[in-house]
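**Q** In the order they appear, the protein sequences are chains Z and X. Letter by letter, the first sequence follows residues 20 to 201 in this note's numbering. Letter by letter, the second sequence follows residues 37 to 473 in this note's numbering.
Please note: incorrect hints may appear among the correct ones.
Unchecked claim - With a Cα cut of at most 20 Å, we get these calculated EDC-like pairs of lysine to aspartate or glutamate:
no. : chain 1 : residue 1 : chain 2 : residue 2
1   : Z       : 54        : X       : 323
2   : Z       : 175       : Z       : 146
3   : Z       : 54        : X       : 189
Quick caveat, the hints were computed from the structure, so don't treat them as lab data.
Below are the chains, spelled out letter by letter.
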Amino acid sequence: MYIIIFLICFADAWISTVIMGRQSKAFFTMGTVRKPFSIFDLEFPASPVSAANLLLGIGLLGEEAALKVKRALRGQLYVDFLFMPGVYVGILILCRGAALKTGHWPGTFFCALAYLQLLAWLLDITENLILLSLIKRPRPFSQGQFKAYGFMELFKWGLPLIGFACASSTLLYFWITGSYFV
Amino acid sequence: MQKGGGVLGVALVGYTYILELVGIRFLRLAGTSAGAINTALMTVIEDKQQPKSKKILEYLCTMDFFSFVDGHPFARWLIRNFVSDTSFEKKAGATLKAIFFTFGGLVVLDTVLLGLRPRWHYTSAAALLSFVLTGISFLLILLMIFYGSYMLEKLKAAGYGINPGVVFYNWVKDRMEENGVATVTALNAKASAVPPLIIRPEVGNTTDGLFGDVTFITSELVTENKLQLPLMTNLFRVNVDDIHPARFVRASMAIPFFFESHIISGIPVDSPAIQQAWFDHLKIEKDKIPDTVRLVDGGMLSDFPINIFYNPKVIEPRLPVFGIDLDDSDPRRDTGKNAPDWSLADYIGRLFNTIRYYYDRDFLEKDYVFKRGIGAIPLFGINWLNFFLSDEQKLAMFRKGALAATEFLLNFDWPEYRRLRIEMQQQLNKRNRPPLN
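Bound-form chain Z, shown alone (with noise of 0.2 Å):
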């Protein structure tokens, strides 16, 4: 049944990569010229005015243009609340299956790494709230806010990274030694 889970996860985080890549050709900001960014450089923004500046570059696109990305960008974030599911379980049911084929205190670091799924899960949520809200009212963050949304991301990224290479390479591991069942 987990693997029937897994599935269904990986095919909700392939379709849903699929279509936040399509949405993400919209993405035009102003700076000296009409120029492609990257929700990337949302997430990592490379100061605290930076992700604002972004912004408020779109609405110098002109009102047509600027509509047209800010609804591809908002369209990606809600994408985005869709594709959550599928990466964060996915990985959790990946971690749970290690922890089970490895037992003992490997175990536990695994089942841990699995629920700290849950945390990013709601991390990324929170960023997205975050955003939503910078696109209706562009501002900059202070500094305080922008070192708390750095170590943000860091632990949203990190946690299903890590939980994903530490999962996978040992269920290989089973795998490739013959021991296929959980």
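Using the hints provided, position chain X relative to the given structure of chain Z.
**A** Quick look at chain X alone, frame taken from chain Z:
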């Protein structure tokens, strides 16, 4: 004429400080890149009779140069380390190699431990740990590749310039405005002022026709031309005051890749005035006028365009032309013996320098007397992109500039210079005179 050279431009301030100290003032000013910065400040501060270098030095000492490096924090970190730590490149290379060798080593270890597992069961735990470490190192490599390609995409989106140059532009703009210059008209008014001058009776000439101006040199990539600003501002706007003069300095110091190019868009190509300007300045027909230009460091084409002060109609110069050369060449420079053994970096550097210096060298070879007005400041060993100079380093460069100016003045012979300029121009005119039929 003040040469370009990144942060080496601090030495220019020392040079002009000495010239001003002995009472020399400047009717016409020009500069490229770093030279454009000192040129701009010398133009806008007070009027032509007043010395400016002290105030400029104040500006430079209170300025955090590294704030000009206003790109992504990762890029700033890389630049800082590459410039300040000569072994950084080796360390970075060693770190990358270590990561890849570790990954490779772990893969080998995985294989070995898997092979030993049937015989020695206790190797199972080690094999599992090895697999997990392999997964983490693989993740690290993937993250590095992803981050590298993300930074390359950002670089591409920024027109292949690491730093936007916004901090620098705002700094120059603020300096100009605090000295009463916010428009091209105001800049030209200060630059064109001619103080009351008296010609010595023995010279037997007048001050008629003498004029002041300022020129910033930039390279334009769309039409592949050298531009002189503010003279050519009417290429971009019917009303020249629609462009802030700080943009000329920003354009002149737009070092390729280090800074983003400076782009001027929205050129009204259908305007008859614009079309006339493009034809007058560059002989470009109206159907070929671009609506956007991309400006980079003037040093790409002409780092030391002293020729803009050359007027072939003037046989007897009333004023000398002074040039300040920032010489960061290695005194042990290759005299050609090692030419076949140059590294790839040396080879590409020489190719580039041969092309970009040729234009200025050609003028100085033909009009050799101008060399007598040029003082060189020896600056070997200082990295021209070292934007995080300490105050001690800034003062050291200032001192070098001052010493070079002192030496120049002790050796400069104005009557001899004047005599040689007259002789040179007479010879050139004779050579260029059309043959009688």
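**Q** Holds or violated: are the alpha carbons of residue 54/Z and residue 189/X at most 20 Å from each other?
**A** Cα-Cα ~11 Å, so holds.
**Q** Sort out whether residue 146/Z lies within 20 Å of residue 175/Z, counting only the CA atoms.
**A** Cα-Cα ~9 Å, so holds.
**Q** Straight-line Cα separation of residue 54/Z and residue 323/X no greater than 20 Å?
**A** Answer violated: residue 54/Z to residue 323/X is near 27 Å, above 20 Å.
Violation of the numbered hints given earlier is confined to hint 1; every other hint is satisfied by the structure.
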